[in-house]
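Same order as they appear, the protein sequences are chains V and B.
Quick note: the first sequence, position 354, residue 354 per full-length UniProt numbering, numbers continuous.
Quick note: the second sequence, position 211, residue 211 per full-length UniProt numbering, numbers continuous.
One should not assume that every hint holds.
The list cannot tell twin chains apart, which means a pair is met if one copy fits it or any two copies do.
[Said to hold, decoys possible] With a straight-line Cα cutoff of 20 Å, these simulated SDA-like cross-link-like pairs (lysine to any residue) come out: (1) K258 - R186; (2) K142 - P118; (3) K142 - S12; (4) K258 - L143; (5) K142 - Q259; (6) K142 - A166; (7) K142 - R295; (8) K258 - G227; (9) K142 - D50; (10) K142 - A306; (11) K258 - I195.
Don't read these hints as lab results, they were simulated from the structure.
Chain residues, written in single-letter form:
Number of protein chains: 2
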Amino acid sequence: MQPMTFRFPVSSRFGDEPADPVGDLFSVLSRGDIISFAGGIPDGALFDVDPIRDSFEFVLGRHARRALQYGATPGEPELRAAAAALVSRHLPTAPEDILVTSGSQEGIYLSAQALLSPGDVVLVEEPTYLAAVQAFSLNGAKLVGVAADAEGMLPEALDEAIAEHAPRFVYLIPTFANPSGKTMGRRRREAIAEILLRAQVALVEDDPYGQLRFSGEPVPPIASLPGMAEQTILLNSMSKVMAPGLRIGWMRVQGPLKQILGIAKSAVTLQSPALNQLAIAHYLTHHDLDAHIARVVGPYRERRDALHAGLLAILPATATVTRPDGGMFCWVTLGDDTDTARLLPVAVEEGVAFVPGWSFYASDPDRSTMRLSYATNSPDTIAEGLGRLAAALGR
Amino acid sequence: MQPMTFRFPVSSRFGDEPADPVGDLFSVLSRGDIISFAGGIPDGALFDVDPIRDSFEFVLGRHARRALQYGATPGEPELRAAAAALVSRHLPTAPEDILVTSGSQEGIYLSAQALLSPGDVVLVEEPTYLAAVQAFSLNGAKLVGVAADAEGMLPEALDEAIAEHAPRFVYLIPTFANPSGKTMGRRRREAIAEILLRAQVALVEDDPYGQLRFSGEPVPPIASLPGMAEQTILLNSMSKVMAPGLRIGWMRVQGPLKQILGIAKSAVTLQSPALNQLAIAHYLTHHDLDAHIARVVGPYRERRDALHAGLLAILPATATVTRPDGGMFCWVTLGDDTDTARLLPVAVEEGVAFVPGWSFYASDPDRSTMRLSYATNSPDTIAEGLGRLAAALGR
C-alpha cells in the first residue's frame, strides 16, 4: 500500500481558493522589462541613504549590545519619544501612547486582533487598501463597504451603515488614500467625527502617506479633532517617508487598549527590531526628515502631473482620474464595460502594468477601475508607459 | 450631561482579565539592582559585534537601495539560500522551502493562523513555551497538555491524547526546551515520529536553541526523520545564536501550505526587514557562525554547571533540577507545597528573580516549579544570586 501523502490542514480563515493579491503584485513588479505603475513603493533613488547609514553606524558603534538584544514590547523609549514628537504636531501625544510596530501593516493587524470578535462588522470606504481587508478578514471580520465621493466616505452613508450593521470600527485612510489617492477635507473629517462620536464607534485611522504632500493645504488627522483622540487608533509608518525595508511604524492609542495591544504584539512578533528602532530614532533626532521629504515631493509632484495629464489624454471620454495632492496613486474609473483584470495581461504584453481595481473592493467591485502609481517613474518613462497602455486599450 | 467616556471594544479572544506574562517578565528584567535568572535572553557581552557591524556596513554601502526597499514576502533570496544551507546539515532543504519570519515568534504565530480553526486542539508538552500558548490561544486553539518525563513528551501519552482529542497539530521544542531545558533523545524522537506519521498529525517543531549545545551528542530535528519533512513546520531563529534585536528567524516547510503561510505573513507584517535579512545573509556567508557559537557555549557550560550545582546545594531534598546539555534554562521542581508565584516577591525583595513555573502550563500547573536562566550571569554572580534565593526560601 502506498503511504498517504500528507497534506497540512488549513484554517477555515482561508477560503477554498485563497488569493494572494499582494504577493501576486510583488511578483509582477520583479519583471525588469515592463514599465510598472503597479507598485505601492517609494522611489529608492530618493532614499536618504547617507544619513540612514550614519544612523546605523552610530547605533552599532555606540550601543551595539542594546541594539542587538531583546527590548520592550511597546518599543524603544527613544523611538517612542521621537514618534510622539512627530504626532504631537497635530495631536498632543505622550511617548507611552506610542506602540512601535513592524510597519503599519502590523498596526492594522494588531488593531483587528485586539478589537474584532468573529462575525463583527468593519466599515471601509469603497475602494480600500486590500492588505487591510486581508488582516480584518483573517480576524473574522465581515467587511461592509460604504459609498464614497471625491473626498472619500460619505457621512450620510456612514450614518446609515452604522445604524444597519453596528460595526466594531471604521477603517479609513483619510489622506492620499490607497488606492484612490483621495483626501478628506476638514469639513468632511468633522462630519465623519461627529457621527463616530455620537455613535461611539471606534476609528482605525491609517496615515502612512500624510507627510508626502506636494500641493494643497495640510489637513490634520481625524484623531486630532475634539473628542476623537480617545476613540481612534492612529497608524503611521516610516515606510513611505523614509524606508520600507526597515519595517518600522507605530500606533498612537491611549487608554486601557494599550495593554491588549501589547499582549497581541507579544504573540505576533514579540517586538520590532531594536536596532532598526534605535537607528530611526537617531535619524529623527540628528537628521532632517522634513528636509528629506521636501526633496522627495518635488519629483513626486512632477510625476503626478505627468501621469494625471497623460491618463486624461489617452483614456476614453467616460473615464475619470483622481488628481491627488500627495501620496503615490492615481485611481482610474474607465466607466465603461472594460474589465481591467482582463486588460492587465494585454497591458503586460505591451510592456506596462497596473493594479486592476476589483481587488480593492469589500463587495460589488467596479471592474472598470485600476490603480496606477507615479512614484517610481520619471515623466519620460510615464509617457512611454502610457503609450503602451493606450496600445493595450486599443486592442 | 457628561459625555460618555469611550472604551474600545475588546475581542473575545482576550479573556476578562488578560495577563501579559511575557511583558511582565521584561519589566522585571529592567530593574538594575536584582540578579535575574528570569530572562530568556542571550548574553549581550558575547555578541559577535564587529562582524555584525561589518555586515550592515557592507549591505548599506553596496546595496542600500535594495536593503531599504520593499522585498518579497517569503524573504530575500540570499537569506533563504543561507538558511537552507544551515537546515540542510540535517534535512535537505531548498531555498524555496524557507519562509523568513520576524523572529521565530512570528513563525509560531503564522503556523497557528494557517492551521487552526476556532476550537481546534493543539497538543503541547507540559510545561511549554508560554508565548506559543498565547499565539495558539489567540487563534482559537484549545490547548491540551501531554505528560512528559525527563526526555520530554511521552509517546504513549501522545498516542492517547491524539485518539482522544484529534488535534490539529503537536507543538514541541525537542532540543533544550523552554522552559524545561529537556532534550529528546533519538529513540524518543523516533517513537514520537512514528505516532505522528501513523496518525497523520502535523508537527510544529520549534528549534531556536539546538545549535547552542555544550555537552552530549547532537540529535537531528524530528523533521529530519523519514517521512516527517512533509508533515512538519520547522522553526529556527537567529535570536539565540546571533542577535535577538535583529528579529529574524525562518520556517522550513514544503508543499502547498507555503502559499497559505505567505498570505498570512502578508496580512501580519507584509515582510521582514530586507536590511536585516541581507546583513544576516552576508554574516552567514562571509563570517563564521559556528566559530561564534563555539565561543559562546564555553561560558554557557560553566554557567550551567554553576547554576545546576548551586541549586542542588540550596534546594530542599524534595527538589529536582534539570541539567541541560545546551540552551539557557534549568527547570526546578521544588516538589513541596511552595507556590513559586508567592515566592517571587520575597525573592525580589532579597534581590533575585526567576520565572514562576505555573504560567508555562496549558492546564493543571505544578505551582512548585520555576525557570532559571544561567545565560547572562557569571558563575560568581550566579553564586551570589543563589545565596539570595536561599534566603528567600528560608523566609
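Structure-based check of each hint:
no., hint, verdict
1, K258 - R186, "neither (28 Å within a copy, 45 Å between copies)"
2, K142 - P118, "both (8 Å within a copy, 16 Å between copies)"
3, K142 - S12, "both (14 Å within a copy, 16 Å between copies)"
4, K258 - L143, "neither (24 Å within a copy, 26 Å between copies)"
5, K142 - Q259, "neither (25 Å within a copy, 23 Å between copies)"
6, K142 - A166, "within (11 Å within a copy, 29 Å between copies)"
7, K142 - R295, "neither (41 Å within a copy, 53 Å between copies)"
8, K258 - G227, "within (18 Å within a copy, 45 Å between copies)"
9, K142 - D50, "neither (45 Å within a copy, 50 Å between copies)"
10, K142 - A306, "neither (39 Å within a copy, 56 Å between copies)"
11, K258 - I195, "neither (24 Å within a copy, 43 Å between copies)"
Of the numbered hints stated above, those contradicted by the structure are hints 1, 4, 5, 7, 9, 10, 11, listed in ascending order.
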